[in-house]
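Protein chains in written order, with numbering that gives the first Met the number 0: chain C, 0 to 440; chain Z, 0 to 440.
It is possible that some hints are incorrect.
Which copy is meant is left open, so a pair is good if it fits within one copy or across any two.
Said to hold, decoys possible - SDA-like, lysine to any residue: derived pairs with alpha carbons at most 20 Å apart:
no.	residue 1	residue 2
1	K117	E148
2	K33	E146
3	K18	E235
4	K33	F185
5	K117	R106
6	K71	E146
If you're looking for bench data, these hints aren't it; they were derived computationally from the structure.
Here's the letter readout for the chains.
There are 2 protein chains.
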Amino acid sequence: MAKEVIIVGGGFAGLKAAKVLGNKEGVHVTLIDKANHHLFQPLLYQVATAGLSQSDIAMPIRSILSEYQNIKVLQGEVTGVDFDAETVATDFGTLSYDHLILACGVRHSYHGNEQWEKHAPGLKTLEQATEIRRRILSAFEVAERAEDEAVRRRALTFVVVGGGPTGVELAGAIGEMTRYTLGRDFRNIDPKLTRIILVESGDRILGSFPKKQSSRATRDLENLGVQVWTKSPVSEIHETSIEVGSEKIETMTVLWAAGIIATDINKDLGVQTGAQGRIVVDSCLNIPGRTNVFVAGDQAAYTDPMGKVLPCLSPVAIQQGQSISENILRDLEGESREPFDYVDKGQMATIGRSRAIVDMGFFRLQGFIAWLTWLLVHIYFISGFNNRLSIFLKWCLSYLTNKKGARIISGATWRFFDTLPEADLEDKTPDAHDVKEIETS
Amino acid sequence: MAKEVIIVGGGFAGLKAAKVLGNKEGVHVTLIDKANHHLFQPLLYQVATAGLSQSDIAMPIRSILSEYQNIKVLQGEVTGVDFDAETVATDFGTLSYDHLILACGVRHSYHGNEQWEKHAPGLKTLEQATEIRRRILSAFEVAERAEDEAVRRRALTFVVVGGGPTGVELAGAIGEMTRYTLGRDFRNIDPKLTRIILVESGDRILGSFPKKQSSRATRDLENLGVQVWTKSPVSEIHETSIEVGSEKIETMTVLWAAGIIATDINKDLGVQTGAQGRIVVDSCLNIPGRTNVFVAGDQAAYTDPMGKVLPCLSPVAIQQGQSISENILRDLEGESREPFDYVDKGQMATIGRSRAIVDMGFFRLQGFIAWLTWLLVHIYFISGFNNRLSIFLKWCLSYLTNKKGARIISGATWRFFDTLPEADLEDKTPDAHDVKEIETS
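With the hints as extra help, turn the sequences into a complete structure.
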C-alpha cells in the first residue's frame, strides 16, 4: 500500500517537498493550494511596480508537477486538521494522510491595527501586487488631471512602511519609475518631483544586513529620490494621510512591508507557536509528539543549534521542504531520519534598476556587480523556461529603453480582506465623485 | 490661438485620430479614456483563454502618444456633452472644445436579458477577459476535485453563445486548450472529454463570411471537439445551466458573444441613433447639424454610398479616425472637407491553433495558410515593439510546446456591472460552501 502524503501549500517549501517525492515508489502525494499557481515571491514587487506581468512570476502548480505521475494537485482551502484521526478537512471534502506537510506561509501583520490594511496594502499575493500597481499608477493619473495643487502634491507622495528587503525594493522601484520611466509621458506634472518616503521604526534599514551595507543601500535609495526615515514608528494611517511619530504626511498611497504573522490556521491546531505565531518544530521539523506531521517554510519556527530562529526566506523554505521529504523516503526504506541542517546561502536586496547588496557572510557585494548577481540568481531560480525567457527579455528591454512593460491599470480588486466594501476601493481618488458610468473605450 | 480638440475614447478610432493630429501646429489635443490603456481587442480572446497576458495586448495610452507634445492624455469618465456650450463634462471637471471626436465604442447587449450577464460574461475589457479566464480554468479545477460525477460533467461543459468571430475564436481556443494544453496536467479527469458547444441563433456561423468559409470553419471547429449548434436561440440562462430552445444544458461556464449595443451616453446626447443605438453620422462623420462634432468607430452608424451600415471592425474605426483628423486639419488650412471613403480590407477569423479563414472579397484563404496570414497581420498591427516581441515569442513557444503561458487564476473581479454582488462571483463553484479562509500559499 502506497503511503498518502498531503502537502498543504504550493510555495517554495511545498513545491520542493513534492518534487523530492515525485515519481518515487510507495508514495502518493496530494498537494492542496488555495491558488492554482506557485508564486515567485522575490519578484512580486516588480509586478507591483509595473516591471513584470502576473504570468511572468506565477506558474500553474499542476503544470510544474505534471511530470510526476504520483502527484495530484487540488485547488482548494484547508479548513482544519485532525491529528488523531489523521485527516485534513477542506472545502471540497475530507482527506486522510499517512504523512502531512504543512507549508501555509504567513501573511501581513499590522500589529493589532488591522484596520490600516485597506489604506496600506501589503505585498504577498498576485492580487495584492495588482492592487498596489493600480494604486501607484492611478496616483499619477490623479496628479495629471488635478487642478488643485494640494491634491496633486498628495497624489505625488508615496510612503512605504518597513525598511526590510521588500520595503527597500518597493521604494527603490517607485523611485526609479518616477525618475526614468514616467518622465516623458505626462504634461501637467513632473514625476521627478514625486516624494517617496521609506519609513522604518528601527534605527537603520535592512537590519539583517551588515551596517555598512545598510548605509550603502540608504545612499543608493537617496540617489533615486527616496527619503529614508529611520526611528520613525507609524502611529496612525488614514485614507489620505499617514502619521509618523508626531508628523502627518498627506498621501494617497501608503504601502505596507512591516511585519508578518502566521495564518489563522495555526491558532486552531492546538500546537505551540513561537514568534509571529509560527509553529514551533523540533530538529526534524516535526510538531513535537507528531512524528508524521511536518511544518516547513515561513509557517515553521525552527530554532537552529545556535539558538537562532531561522528567518522567512525562500532558501530556508526550499531546504526544509527537501529535508522533510527525504526523511519521509527514509521512513519508507526503514532508515532513521536525519535532523534538518540549514546551509546559509546569504541574503540579497535590490535597489532600483542597477544597484543591490549581497551578503554571503564572508563575501559581500554592493552596487552594480551585486545587482548583476541578484539578476542572475533570480533568473536562475525562477520556475519554467517560458517565464525565464520572458523576464530576461523584459529586463533587457527595460534596461535599454527605461520603459516598463506592464503599466496597465486593471480593475482587479483585491480579495485578501473580504470585509472591505467595494466602494472603498472605487473611491480611493480623493477628487472622484459619484458619476454615471460611461464606457469610453 | 490653437484649436482645442477633445477625443473621447482611446480605442482604434480615437488613437488614430490623435496620432494624425500629433505634433501638428495650431491644434491642442486632449484624449480622455476611462482606462489608462489602449486595448488590442482582436486578441482579447487569447487573454481569456490563457494564451497571452494582460500587458501583451494593452499599452498605456499616454505612452503610445508620448512623442506628441501637443497631446494630453487624461484618465477619467465623460458624463455628458453640451453641444451648444461646446463643453464636455467629466468626473474631474468640465472641458471646452473647438472640435469634438466621440469614439466611445459599444458594449455587450443581452437583448433585454441583462440579468444573464453575471452568468454569461461578454468579452470587451481586460477585466472581462481575466474573469472569463478565471471561470474556464476554475471549471477544470472543480472537475479535478469533484467526487460527484454530475458536478464533474457540469464543470466540463462549456457553452459559447454567438457564432460571430469572437464566439468562434473563444470556442476554438477552448477546444484547443482541452485537446492539447491541459491533457497531462490532470489526474482525475480527461480534459479531452470536455463538451464545448457553440450556440448560434442564425442558420450558420460567421454569417458575414461567404457560405463556403462558414462550412470550413464549422468543420475546423468540430475537429477541435466543438459542437456547432445553429438555429439555436437561447431562451434562458441560469447559474448552472442554459436553455437552448427546449433543451437544457447543465454547465458551469457560459460565455456571451452574441450582440452589442451602444453605450448609454448615446441616449443622453439627444441625437439620432440607428441600429444597436449607434449614432447616425453624415458623409463627413459629423452628427448632422454639428460640423465640429464627429463620431468614429463602433459608436458611429455610418451608411456607405451603397446603403450599407459599416460593421464594428477595427479597420473601419482606424480609417474613420484618420478621415476625421484630416478634415480637422483641412479646416485649419481653410481647405474644404472630404467625405469619408472606406477601403474594405476584408475580414478574418481564427479557429484554434493553426486554422483560420480570410475573406478579402476577390481573394479567400482558409486552413493553415489563412492562419499564417492572420498571425502576421495581428503581429504587424499591434502597438509597441515590446508587445510585438513578447507575443511573437509566446506564440512560437506555445506552438512548439503546446503549452499556454498565462494559465493563472487571479482573484480579479469584474467591475463592468456594478450591481453584481461580490458573493455571486465567489460562489460560482456549485460545490463550494462557506468555509473559514486560510492562506495556503
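Hint-by-hint comparison with the structure:
no. : hint        : in the structure
1   : K117 - E148 : neither (25 Å within a copy, 41 Å between copies)
2   : K33 - E146  : between (44 Å within a copy, 18 Å between copies)
3   : K18 - E235  : neither (45 Å within a copy, 47 Å between copies)
4   : K33 - F185  : between (40 Å within a copy, 17 Å between copies)
5   : K117 - R106 : within (15 Å within a copy, 31 Å between copies)
6   : K71 - E146  : between (56 Å within a copy, 14 Å between copies)
Hints 1, 3 from the list above are not met by this structure, while the remaining hints are.
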